[in-house]
Amino acid sequence: AQSVTQLDSHVSVSEGTPVLLRCNYSSSYSPSLFWYVQHPNKGLQLLLKYTSAATLVKGINGFEAEFKKSETSFHLTKPSAHMSDAAEYFCVVRLFSGGYNKLIFGAGTRLAVHP
Amino acid sequence: DGGITQSPKYLFRKEGQNVTLSCEQNLNHDAMYWYRQDPGQGLRLIYYSQIVNDFQKGDIAEGYSVSREKKESFPLTVTSAQKNPTAFYLCASSIDNSGGAKNIQYFGAGTRLSVL
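Line order of the protein sequences matches chains A and B.
For the first sequence, this note's numbering assigns the number 4 to the initial residue and increments by one for each residue that follows.
For the second sequence, this note's numbering assigns the number 221 to the initial residue and increments by one for each residue that follows.
Just so you know, not all the hints are guaranteed correct.
What the hints assert, rightly or not - In silico DSS-like pairs for lysine-lysine, Cα to Cα no more than 27 Å straight-line: (1) B:Lys303 <-> A:Lys105; (2) B:Lys234 <-> A:Lys105; (3) A:Lys72 <-> A:Lys105; (4) B:Lys291 <-> A:Lys45.
To be verified - Beta-carbon label-pair distances, calculated as ranges: (5) B:Asn248 <-> A:Phe99: 22 to 32 Å; (6) B:Gln276 <-> A:Thr20: 21 to 31 Å; (7) B:Gly320 <-> A:Lys72: 18 to 28 Å; (8) B:Asn273 <-> A:Ala56: 29 to 39 Å.
Unchecked claim - Here are a few chain A residues that sit away from chain B, every Cβ distance over 12 Å (derived from the structure): (9) Pro21; (10) Leu59; (11) Ser73; (12) Met86.
It should be emphasised that the hints constitute simulated quantities derived from the structure, not laboratory data.
C-beta atoms are modelled at their ideal positions from N, C-alpha and C, and glycine is treated no differently.
Let the hints inform the model, and build the full structure from the sequences given.
Shown next as C-alpha cells:
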C-alpha cells in the first residue's frame, strides 16, 4: 500500500533557528512528492514539488526538500525560521490508482515558531 | 485575479437538511476535486472530476453528491445521509489529471461546515 508518514505531529523552534519537518513515504515506484503549507482556516499552498528531476528541490519562502530514495524520505528544511512560518505542513505523494492520479496526504506537522 | 473561490466560508446545517458548497475556478482547469479535512488528519478525497459532465467517487463519497455542468464550477452537496458532516471542506483544481507537471493541485480557502 502507498502511504505517507509525517514523523512529528508538532515541531517547535525559535525564530532564526533551522527547521526540519520529516516525511517518509512508501511506494512501489518512484513517486511525485509535494509539500503544502496551510495557515489557520486557509486553503493549502504549494511549497515545492519533486517529480523525478533534481533530488534537492527548492521551494518558496526559503524552504527546500531532498528526495532520498534509499531512505524513502522527503524531509522539508529551512535554514532560519521566521514567525510567519508558523502553520501546518503536509507531505503529499501522488500515485496512479483506480484509474486516476490521486494525492495521498500525511497527517500534517504543526510548526510553532517562538520569538 | 485567477484562482479558486469557495463559498460560503462558514456554513451551518440542521438535522435532515441538505446543504451545497460552492467552488468556482477561473484558471481554465479541466480537473477539479473536493476534499474533507478533519482535525489532526490529512485531507481525504470525496469526489473528483477530470472533465465537464464527468465525475468519480473518491475515498469517502458516501453522503455526498456533486455535479460538473460547467468547466469552472464543481458544487458539492452534503446530504442528510452524511451523519458526521462537521469538517473543513477544500476544493482544488489542476490543469488536468495527468501524471506530470500539469497535475499540480491548487486549493481554495475552504468552507467550514458545522451541524446545529
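Status of the hints after comparison with the structure:
At most 27 Å may separate the alpha-carbon atoms for a hinted pair to count; lysine 303 of chain B and lysine 105 of chain A meet this at roughly 25 Å. Between the alpha carbons of lysine 234 of chain B and lysine 105 of chain A the distance comes to roughly 32 Å, so the proposed pair goes past 27 Å and is violated. This hinted pair checks out: lysine 72 of chain A and lysine 105 of chain A have alpha carbons roughly 21 Å apart, not beyond 27 Å. Restraint check: the Cα-Cα separation between lysine 291 of chain B and lysine 45 of chain A comes to about 24 Å, which is no more than 27 Å; the hinted pair holds.
A hinted range of 22 to 32 Å for the beta carbons of asparagine 248 of chain B and phenylalanine 99 of chain A is consistent with their spacing of about 24 Å. Checked against the hint of 21 to 31 Å, the C-beta distance between glutamine 276 of chain B and threonine 20 of chain A comes to roughly 45 Å, which is inconsistent with it. Range check, glycine 320 of chain B to lysine 72 of chain A: about 20 Å between beta-carbon atoms, so the 18 to 28 Å window is met. The hinted window of 29 to 39 Å between asparagine 273 of chain B and alanine 56 of chain A holds, with their beta carbons roughly 35 Å apart.
With a cut of 12 Å on Cβ distances, proline 21 of chain A stays outside the contact zone with chain B, its closest approach being about 25 Å. The claim that leucine 59 of chain A is not at the interface with chain B holds, since no C-beta of that chain comes within 12 Å of its own (minimum 18 Å). Every CB of chain B lies more than 12 Å from the CB of serine 73 of chain A, the least distance being 23 Å, so the non-interface label holds. With 12 Å as the threshold on Cβ separation, the claim that methionine 86 of chain A sits away from chain B holds: the shortest Cβ distance comes to roughly 22 Å.
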